[in-house]
Amino acid sequence: MECQFMIQGIGKFINRPTKTGGRTYDKFFIYIPTNVAKDSAFPFKPGEEVVIRIDGDRLVIEKTKRK
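Letter by letter, the sequence shown follows residues 33 to 99 in the working numbering.
Hints are computed from structural coordinates only; laboratory data are not their basis.
Fair warning: this is a prediction, and the values are worked out from it, not measured in the lab.
All C-beta atoms in this analysis are idealised placements derived from N, C-alpha and C, irrespective of residue type, glycine included.
Keep in mind that a hint or two might mislead.
Said to hold, decoys possible - Cβ-Cβ distance ranges computed for the label pairs, FRET-style:
no., residue 1, residue 2, range
1, P49, I93, 20 to 28 Å
2, F61, R98, 16 to 24 Å
3, F76, R55, 28 to 36 Å
4, P75, G53, 33 to 41 Å
5, M38, V82, 28 to 36 Å
6, D89, G54, 32 to 40 Å
7, E81, I46, 15 to 23 Å
8, T56, D87, 29 to 37 Å
9, G54, V83, 15 to 23 Å
10, R48, T96, 33 to 41 Å
Build out the structure end to end from the sequences listed, making use of the hints.
Next up, the structure:
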């Protein structure tokens, strides 16, 4: 039986307000630690679009099904 270890780290939910056309808009980011994002099992590539949904008390991030 193969044993898998889950890479994990502490991330952060960040708001970086931005000014556009004289108005300020909220811009939210989720910081993912480098050791998690560079792990060979990490499913996303920089710049890739993702689907984000709320499922109860969890945030689910998945690859888009579009090609």
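Hints and how they fare:
{"no.": "1", "hint": "P49 - I93: 20 to 28 Å", "result": "holds (23 Å)"}
{"no.": "2", "hint": "F61 - R98: 16 to 24 Å", "result": "holds (22 Å)"}
{"no.": "3", "hint": "F76 - R55: 28 to 36 Å", "result": "holds (31 Å)"}
{"no.": "4", "hint": "P75 - G53: 33 to 41 Å", "result": "holds (36 Å)"}
{"no.": "5", "hint": "M38 - V82: 28 to 36 Å", "result": "violated (19 Å)"}
{"no.": "6", "hint": "D89 - G54: 32 to 40 Å", "result": "holds (37 Å)"}
{"no.": "7", "hint": "E81 - I46: 15 to 23 Å", "result": "holds (20 Å)"}
{"no.": "8", "hint": "T56 - D87: 29 to 37 Å", "result": "holds (30 Å)"}
{"no.": "9", "hint": "G54 - V83: 15 to 23 Å", "result": "violated (32 Å)"}
{"no.": "10", "hint": "R48 - T96: 33 to 41 Å", "result": "violated (24 Å)"}
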